[in-house]
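A.B. asks: Listed below, chain by chain, are the residues.
There are 2 protein chains.
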Amino acid sequence: MKNIMYTSVLLLGIAVSGQAKEDSIQFSKISTEILNRGKAYTELKDLTQNIGHRLSGSEAYEKSVQWAAQKLKEAGADKVWLQEVMIPVWERGKESLQIKTSNGQWKTVKMLSLGNSEGTGGKDISGDIIMVKSMEEYTRLSPEKVKGKILFFNYPFSQDFIETFKGYGDAAKYRVSAAALTAEKGGKFAIIRSLSSAFDEVPHTGAMRYKDGIPKIPAVAIGNTTADELENLLKNQTVTAKLNSNCGMKGEKLSHSVIGELTGKKDRSVIVVGGHLDSWDVGEGAHDDGAGIVQSIEVLRTFKNLNLQNNHTIRVICFANEENGLKGGLQYGKAVKESGEKHLFAIESDAGGFTPRGFALEMSKEKRDQIKSWTPLFFPYGAYNFEGQYSGADISPLHEMDIPTAELVPDSQRYFDIHHTEEDTFDKVNRRELLLGATVMTQLIYMIDKNW
Amino acid sequence: MKNIMYTSVLLLGIAVSGQAKEDSIQFSKISTEILNRGKAYTELKDLTQNIGHRLSGSEAYEKSVQWAAQKLKEAGADKVWLQEVMIPVWERGKESLQIKTSNGQWKTVKMLSLGNSEGTGGKDISGDIIMVKSMEEYTRLSPEKVKGKILFFNYPFSQDFIETFKGYGDAAKYRVSAAALTAEKGGKFAIIRSLSSAFDEVPHTGAMRYKDGIPKIPAVAIGNTTADELENLLKNQTVTAKLNSNCGMKGEKLSHSVIGELTGKKDRSVIVVGGHLDSWDVGEGAHDDGAGIVQSIEVLRTFKNLNLQNNHTIRVICFANEENGLKGGLQYGKAVKESGEKHLFAIESDAGGFTPRGFALEMSKEKRDQIKSWTPLFFPYGAYNFEGQYSGADISPLHEMDIPTAELVPDSQRYFDIHHTEEDTFDKVNRRELLLGATVMTQLIYMIDKNW
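So the sequence lines, in the order shown, correspond to chains A and B.
The numbering of the first sequence is the working numbering, which starts it at 131 and goes up by one.
The numbering of the second sequence is the working numbering, which starts it at 131 and goes up by one.
The reader is advised that the hints may include incorrect statements.
Which copy? The list can't say, so a pair holds if one copy fits it or any two copies do.
Derived pair list, reagent style SDA-like, types lysine to any residue, alpha-carbon separation capped at 25 Å [to be verified]:
(1) Lys-365 <-> Ser-147
(2) Lys-263 <-> Lys-580
(3) Lys-395 <-> Leu-438
(4) Lys-175 <-> Glu-553
(5) Lys-169 <-> Ile-259
(6) Lys-558 <-> Phe-287
(7) Lys-346 <-> Lys-580
(8) Lys-224 <-> His-529
(9) Lys-240 <-> Glu-221
(10) Lys-169 <-> Glu-293
(11) Lys-303 <-> Ala-465
(12) Lys-558 <-> Glu-293
(13) Lys-263 <-> Glu-152
Quick caveat, the hints were computed from the structure, so don't treat them as lab data.
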């Protein structure tokens, strides 16, 4: 590719008012600042490689709390504090899954216990595998058939959806419910095909839930190619599985979300930008959600460095415990409800540090239409899809209080190859993609701060 | 990220005519076919890992000709042939660049001779380095000062542009002209800072040109961090460089572009889709432009597999020698001019196998407006930026004949980290991103085939 006569023409029929021109100049200043002097990428390297994964309750999570507070201070926050929150403590420990055909040898396969799952208490539990490929197949299974067996939920991640979050949403019920469904019919433990868009053996963990009154049996995930192999084996023979694991809930613990802000010059109503500081206990939590953390800090730093004189308070929140409890988000929402502190807007970045494509908006039609009217400003930055109507999990309690909320929408093609795996590492993050996400979030907050 | 209540609403105010509905159903069939059963990704793995890089004139290039012909047959082409074309043969050979401060030791740095550059004939050439950071600084240099010296063009790739092709275009003149500029003022050889968006020591090669009547001296590229180090050293001391290289032009050779087509059911006017089969002689030519080759073959395969009954002939062209001569594109253009064969449209994919964002269009306003009117159909596939007005290098001769031309526009953030380097390898390509590019090209050709 050597075509150097690259010209791109932006002609969206903008009525270039003086105001739009001024906004466009500010957009450009923000972009130039972040793409050249942004620290999100080097900060993400530090967080992921010097602290690493940081599950709620772990020592690493507590280190990341100190780290985030320090980075917010360095970014120029007027005020930095920790918000107390009780979080669940789940630990993995050692674990292994083996499978065997009737005339074969035990073979160890790559696996991960699902988050919040109980283990086998360090003992072997084994049984023959029964495979179901859908909820319909599960429903048709009689408890007599399942009793004492291992249920293998082999529902594939659909490649059909263009936005991969839809494929994730489509398959998520199997991860969340596999243990309860298996226990309900008397099974010993559950295996699921990972919620993964990749064609590899990497298992994906993620939260599961038990059901009241149903025994808490283990649930584990295997990668796509392992699931393919198992499916093949099961075509014409009995396959036995043996699980040995030590994971389980270890009570609760006092921990913290980290908050830093730039005080509003005109009033103290709040604009929230955040991500979640915790991650799963594998990989480095780079895209999920180290990216959202460093992008949010970048927003504050950029307002400070460019002296953008925010009318309202811009508050960065590094939420605790999104992955397996949402306690940080719930606690913040509770505090806002109690204090009555006025919140104008909240946005989260929690869909990976990939090239931004737009923003999902959960708010009144009037406010959505106003943001959509800024499309010509956002077009040159590639983030101009405002059609999604959802927002980040951590700020859902704010949405429930009728505060307008949003989420950064990055390109989703690569996310579910690595989501919740040992592969979610810093080297999968591209510097420019990450910084562009911070750029468009800063631009959106700039516009909202000025116009709301 | 565990928000599974993902909803996205497509409300672009489409008047959903019966025709639009039917087109939308076909779009969905194309997408489902390619995302689930597309072979572009596995074919790219085969091409890049079993043949590898394939510079014009190399044995590997000749292997790739046979490979492409075979893949086109397997994809179901009605007719496959090779188009003869004389191509330049440039060979690299062994090369090394060393630098030294006056009281230091020689230190070898990573480098690549620029494509088409002459070497030192296996002898050492050395001299003190003079650095310029811009064309203006070069212009102010007197020939007396440059004589016998090494000119270091240290112009940085700008991070300011959102579309990285603009940063590439901005810096390209230094790569193309460094040798001639240096020779004009009596220098011995030229070093350039690579046209690279990455912060690493990886050198980027690429085509350079000599000027008639000016001595053909060598030009080499060093990576960004190497250039930073050299710039630092030069702040307060003399630095000497020593080059030893064997590259050079080895005449011409008969070679081939590869062509395969699905004959039109209604007439024989031609729709071209292509990429270039050659690559630079480092890395694997995965994004540049193995991606464009396998995507183009996927278009043909999909028309065949879905029995889409193309009205016009759909012709896949795997162009020879884009990188250092454009001879394949020029030869095809010449043949069309001579035969008068009617061409409706031509599109190239030569900007990497990344998530598609839209299409650049070089054609009449009327035709561009018609394609833009299809935005609601393309919106769900994420490719709906039709603002660029350029097209691929290989089809520029067709554009000059007033044939409407276009280029697939993928996301550009990662491309110039790896472009023309040892890092342009298969593992940098994401399966879904690559297949989505093939999907939207197939959809566009489907619409043009039906409506033009």
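A.B. asks: Hint by hint, say whether it matches the structure.
C.D. replies: Verification of the hints:
For the homomeric pair Lys-365 and Ser-147, neither the shortest alpha-carbon distance inside one copy (67 Å) nor that between copies (47 Å) is at most 25 Å. Taking the closest pair of Cα atoms, Lys-263 and Lys-580 never come within 25 Å of each other, the shortest separation being 52 Å inside a single copy and 39 Å across copies. Taking identical chains as interchangeable, the C-alpha atoms of Lys-395 and Leu-438 lie at most 25 Å apart only when both belong to the same chain, with a minimum of 10 Å there against 62 Å between chains. In this assembly of identical chains, the alpha carbons of Lys-175 and Glu-553 lie at most 25 Å apart whether taken from the same copy (15 Å) or from different copies (21 Å).
Taking CA atoms no more than 25 Å apart as the test, Lys-169 paired with Ile-259 passes in neither setting, with 50 Å inside one copy and 33 Å between copies. In this assembly of identical chains, Lys-558 and Phe-287 lie within 25 Å of each other by CA distance both inside one copy and across copies; the values are 21 Å within and 22 Å between. Taking the shortest Cα distances, Lys-346 and Lys-580 never come within 25 Å of each other, neither inside one copy (51 Å) nor across copies (58 Å). Taking the shortest Cα distances, Lys-224 and His-529 never come within 25 Å of each other, neither inside one copy (39 Å) nor across copies (63 Å).
With identical chains, the CA atoms of Lys-240 and Glu-221 are at most 25 Å apart within one copy only, with a shortest distance of 18 Å there and 46 Å across copies. Only between protomers do Lys-169 and Glu-293 lie at most 25 Å apart by alpha-carbon distance; the minimum there is 21 Å, versus 29 Å within a single protomer. Taking the shortest Cα distances, Lys-303 and Ala-465 never come within 25 Å of each other, neither inside one copy (31 Å) nor across copies (58 Å). For the identical chains of this complex, Lys-558 and Glu-293 are neighbours both inside a copy (19 Å) and across copies (21 Å), given an alpha-carbon limit of 25 Å.
Proximity of Lys-263 to Glu-152 under the C-alpha cut-off of 25 Å is found in neither arrangement, the shortest distances being 56 Å within a copy and 32 Å between copies.
When each numbered hint is compared with the structure, violations occur for hints 1, 2, 5, 7, 8, 11 and 13.
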